[in-house]
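Protein chains: 2
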Amino acid sequence: MRRTLIYRHPPIIAAHRSIVGRKEGDGPLGEWFDVLLKDDLLGQKSWELAESEMVRRCARDALDAAGLSAGAVDALLGGDLNNQIIATSFAAKKLGAPFIGLYGACATFVEGLALAAAMIDAGHLDSALISASSHFCTAERQFRFPLELGAQRPPQASWTATACGCALLRNRGEGIRVTQGTLGRVIDLNISDANHMGAAMAPAVFDALTGHLENTRQRADDFDLIVTGDLGWIGRDLLLRLFKKAGIDMPEDRLVDCGASLYFREQDAHAGGSGCGCVASVSCGWIMKRMERGELRRVLLSGSGAMLSPTSSQQGQSIPGISYAVTLEG
Amino acid sequence: MRRTLIYRHPPIIAAHRSIVGRKEGDGPLGEWFDVLLKDDLLGQKSWELAESEMVRRCARDALDAAGLSAGAVDALLGGDLNNQIIATSFAAKKLGAPFIGLYGACATFVEGLALAAAMIDAGHLDSALISASSHFCTAERQFRFPLELGAQRPPQASWTATACGCALLRNRGEGIRVTQGTLGRVIDLNISDANHMGAAMAPAVFDALTGHLENTRQRADDFDLIVTGDLGWIGRDLLLRLFKKAGIDMPEDRLVDCGASLYFREQDAHAGGSGCGCVASVSCGWIMKRMERGELRRVLLSGSGAMLSPTSSQQGQSIPGISYAVTLEG
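The listed protein sequences correspond, in order, to chains R and G. So the mapping is simple: this note's numbering equals the position in the first sequence, first residue as 1, plus 1363. So the mapping is simple: this note's numbering equals the position in the second sequence, first residue as 1, plus 1363.
A few of these clues could be false.
Said to hold, decoys possible - Calculated pairs, DSSO-like style, for lysine-lysine (alpha carbon to alpha carbon, straight line, at most 27 Å):
hint : chain 1 : residue 1 : chain 2 : residue 2
1    : G       : Lys-1607  : R       : Lys-1456
2    : G       : Lys-1456  : R       : Lys-1608
3    : G       : Lys-1456  : R       : Lys-1607
4    : R       : Lys-1456  : R       : Lys-1408
Please keep in mind that the hints were generated in silico from the structure rather than gathered at the bench. Remember, predicted model here, so these are calculated numbers, not experimental data.
Chain R on its own, in the form it takes in the complex (with noise of 0.2 Å):
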């Protein structure tokens, strides 16, 4: 089994945007976001058209930023957590752009980085547009309660982040390098609580970040930061107790979870973050953003999704995790 993905000619991260919601926007990396939204609907008649419509701006703006149309981009990879992939879909419908949907839950956006940027690695594409993308509202009424229930949430919930973030990774030019990458294997400890997202997850990044330190003969101070998906508080807390049991040296100061990053304590988010935009938006506005500056070198980036759908929880089944790994160089 060949996890790790060596890219011996390492796509460039060409641009990168991010877009978030109000709560986002308000939360502690407010300023590193490309566009804060102050209307969450974006002008839509439904939450779905919403997100929809967030994912087409996002890729257009990422798009923009390079000077590519559309319609000259080889592909866009992304997913999002609507049921079949429909505000990702629909956005690139009208985009036009070939479509690799993939589907990773919160993982999606990692996922969709290692194999975009082993398609451009192998010279089958030139220039590919990532991205992934969750709205509160379409992911709370699809996996939770109607919103306007107003249903009380348990304090290990952590909280769907409206947000979207697309990179577009390209064959030649100056920027951050993807340059290695760990597949995702699927790894379930057993936890059935659907609220308990950090817990069902850690395992599995545990998995991808020590067969991506493993496979690729590095250590974590190898890294300037080692980045999380969505954890949150309690995941990131367990995923640090994974590494000392294993007798792993992982600098607590070094671990940043972008779910534990994305809103202050009082905003009400319970866990922290999570969903496919979470990822998405923190790496491509805060990290990659803090890479341009010189502030960061190299980034171990990784990904996590919960593999459940409502309908294998009210079936009594427990909480399949999988994470990916990307290294990014400055």
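With chain R's structure known, arrange chain G on it following the hints.
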């Protein structure tokens, strides 16, 4: 935009397996499938677990046929129609192989073939399993009505096949080669009848097939067979009309649709078979076996998906279609 990928080191289909339900086994292609289920529930507690077990068995059988363990395969690429692709991700959990979750609706199998071939061609993977499944009972209750209701179906409705197909691609050995692949674009000609999948997908199939032929400078005559996924009887007629209107020669006797081939007319499948498992099982059964017997040398295989969700339909949105194509050479 580069939609068509030419594999310089074409991967080999080292093994392929198909599993189908009772209705599919009773159809005209029954003898070509590897496993005919007597129990569509496969001894499981729910239809969703049954579909997942079908994926696991089919993948296991394909690995066994090639003498490979699940731990030795570099990746499983696949998906299904269930929300959050739970049938495939739960099977991936049991197999333990690195997992690349895809969502291309009923085009998922060919999407996976094109992607996996690119990854193997590039040397990023040595082997990959491609899987796609569907189950009448999971799809019917998720997309349409409770099974118990016995709702009447309009004549243009297709019948979701209970079926799974798995192909194992490797970078060396003897067998059918995957030599070219064309990525799909999301195309929507404003069909909003969620029962009329053939009409919604035909324009996307036309776009993928003509794109594939143009970009590789081939004509229909260069192939012994041109296979479409699940347009059904009506969708196949519409596709032929699109070719005629465009003045492109497409010999009617050489264009075979998996959905239109899977059932006898008297089996009450209305417009024909559909579902991710339709093109997957028919190509892994009928098509690839005929190629191995030497009856077919060059096949243009396409799959088509309708990227709708019950939510998008209920919100009055039309149905976007997508289609991918690959060249198989015996």
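So, going through the hints one by one against the coordinates:
The straight-line distance between the Cα atoms of Lys-1607 (chain G) and Lys-1456 (chain R) is roughly 25 Å, inside the 27 Å bound, and the hint therefore holds. Between Lys-1456 (chain G) and Lys-1608 (chain R) the alpha-carbon distance is near 23 Å, which keeps this suggested pair within the 27 Å criterion. The straight-line distance between the Cα atoms of Lys-1456 (chain G) and Lys-1607 (chain R) is roughly 25 Å, inside the 27 Å bound, and the hint therefore holds. Restraint check for Lys-1456 (chain R) and Lys-1408 (chain R): the C-alpha separation of about 18 Å stays at or below 27 Å, so the hint holds.
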